[in-house]
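J.: Below, each chain spelled out in residue letters.
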Amino acid sequence: NAGVTQTPKFRILKIGQSMTLQCAQDMNHNYMYWYRQDPGMGLKLIYYSVGAGITDKGEVPNGYNVSRSTTEDFPLRLELAAPSQTSVYFCASRPGTGVDNEQFFGPGTRLTVL
Amino acid sequence: RKEVEQDPGPFNVPEGATVAFNCTYSNSASQSFFWYRQDCRKEPKLLMSVYSSGNEDGRFTAQLNRASQYISLLIRDSKLSDSATYLCVVNMPSSGSARQLTFGSGTQLTVLP
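So the protein sequences, as listed, match chains A and B. Residue numbers 1 to 114, in the numbering used here, belong to the letters of the first sequence in order. Residue numbers 1 to 113, in the numbering used here, belong to the letters of the second sequence in order.
The reader is advised that the hints may include incorrect statements.
[Said to hold, decoys possible] Keeping only pairs whose Cα atoms sit at most 27 Å apart, straight-line, the calculated DSS-like set for lysine-lysine is:
1) Lys45(B) - Lys2(B)
2) Lys45(B) - Lys79(B)
3) Lys45(B) - Lys57(A)
4) Lys79(B) - Lys57(A)
5) Lys2(B) - Lys42(B)
6) Lys44(A) - Lys2(B)
7) Lys9(A) - Lys2(B)
8) Lys42(B) - Lys14(A)
9) Lys42(B) - Lys44(A)
10) Lys9(A) - Lys44(A)
11) Lys44(A) - Lys14(A)
12) Lys57(A) - Lys44(A)
13) Lys14(A) - Lys57(A)
14) Lys42(B) - Lys79(B)
15) Lys9(A) - Lys57(A)
16) Lys14(A) - Lys2(B)
17) Lys9(A) - Lys45(B)
18) Lys57(A) - Lys42(B)
[Stated by the list, open to error] Examples of chain B residues lying across from chain A (beta carbon under 8 Å, computed):
19) Glu43
20) Gly54
21) Leu80
22) Leu101
23) Phe103
[What the hints assert, rightly or not] So these bits of chain B aren't anywhere near chain A, every CB distance computed over 12 Å:
24) Glu3
25) Ala20
26) Arg66
27) Ser68
Because the hints were derived from the structure by calculation, they are not lab data. Because the structure is a prediction, the values reported are computed rather than measured. All residues carry an ideal CB built from backbone N, CA and C; glycine is no exception.
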């Protein structure tokens with residue numbers, strides 16, 4: 001299994017540009033998550049999904065959109081990029097509703113908005 | 001008050017030392033607790049879950065005190081390879097369709113030769 005994969009690894013955007021961060025998992029996990037991590041800070045939840053067709057906002061959803069058309073894929077869309085969105089973005093997945101289930105993370109996308 | 005609060009660190013310890021990290025959480029309805037490890041510029045990875053009875057995995061011991069809403073991680077006989085940031089993570093009730101993990105800001109550990 002490849003686990004959780006993310007593309008691209010790095011990206012520099014200009015203010016106002018848009019982009020989609022890709023995330024895919026091959027573990028047949030129902031739950032998927034997008035986090036951002038600013039330097040020296042913990043992870044903040046942006047959006048999550050409990051299955052195909054179902055998404056919910058997390059703690060910091062403004063400026064982002066997501067979709068979940070398949071179990072495997074959970075892309076994150078940035079519209080009108082702003083410098084405040086400079087961060088490292090992690091996608092994660094876990095099997096299901098068990099409270100002890102481990103979350104598996106992708107390697108991250110480092111985004112800079114200039 | 002932060003939902004999950006950790007010792008600010010950084011901790012710089014010599015090889016072989018014992019080091020302890022503490023964490024407090026705000027929501028008494030939280031159900032599960034974890035320590036994740038994050039190496040520099042890498043993704044977090046699960047180190048261990050934390051159970052009410054306390055649990056041990058080799059040199060690592062985790063403790064949970066529900067009454068005080070407090071979690072700890074003890075590392076004995078520190079190795080150079082233990083150098084990383086340790087994230088306290090709590091599974092809290094949320095208003096959405098699923099419980100969510102809430103992450104502390106992390107405690108940085110550097111083990112010195």
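J.: Now tell me if each hint is right for this structure.
T.: For each hint, the structure was consulted:
no., hint, in the structure
1, Lys45(B) - Lys2(B), "22 Å, holds"
2, Lys45(B) - Lys79(B), "18 Å, holds"
3, Lys45(B) - Lys57(A), "23 Å, holds"
4, Lys79(B) - Lys57(A), "40 Å, violated"
5, Lys2(B) - Lys42(B), "24 Å, holds"
6, Lys44(A) - Lys2(B), "13 Å, holds"
7, Lys9(A) - Lys2(B), "30 Å, violated"
8, Lys42(B) - Lys14(A), "25 Å, holds"
9, Lys42(B) - Lys44(A), "16 Å, holds"
10, Lys9(A) - Lys44(A), "19 Å, holds"
11, Lys44(A) - Lys14(A), "23 Å, holds"
12, Lys57(A) - Lys44(A), "11 Å, holds"
13, Lys14(A) - Lys57(A), "25 Å, holds"
14, Lys42(B) - Lys79(B), "19 Å, holds"
15, Lys9(A) - Lys57(A), "24 Å, holds"
16, Lys14(A) - Lys2(B), "33 Å, violated"
17, Lys9(A) - Lys45(B), "18 Å, holds"
18, Lys57(A) - Lys42(B), "25 Å, holds"
19, Glu43, "4 Å, holds"
20, Gly54, "15 Å, violated"
21, Leu80, "23 Å, violated"
22, Leu101, "6 Å, holds"
23, Phe103, "4 Å, holds"
24, Glu3, "10 Å, violated"
25, Ala20, "20 Å, holds"
26, Arg66, "14 Å, holds"
27, Ser68, "20 Å, holds"
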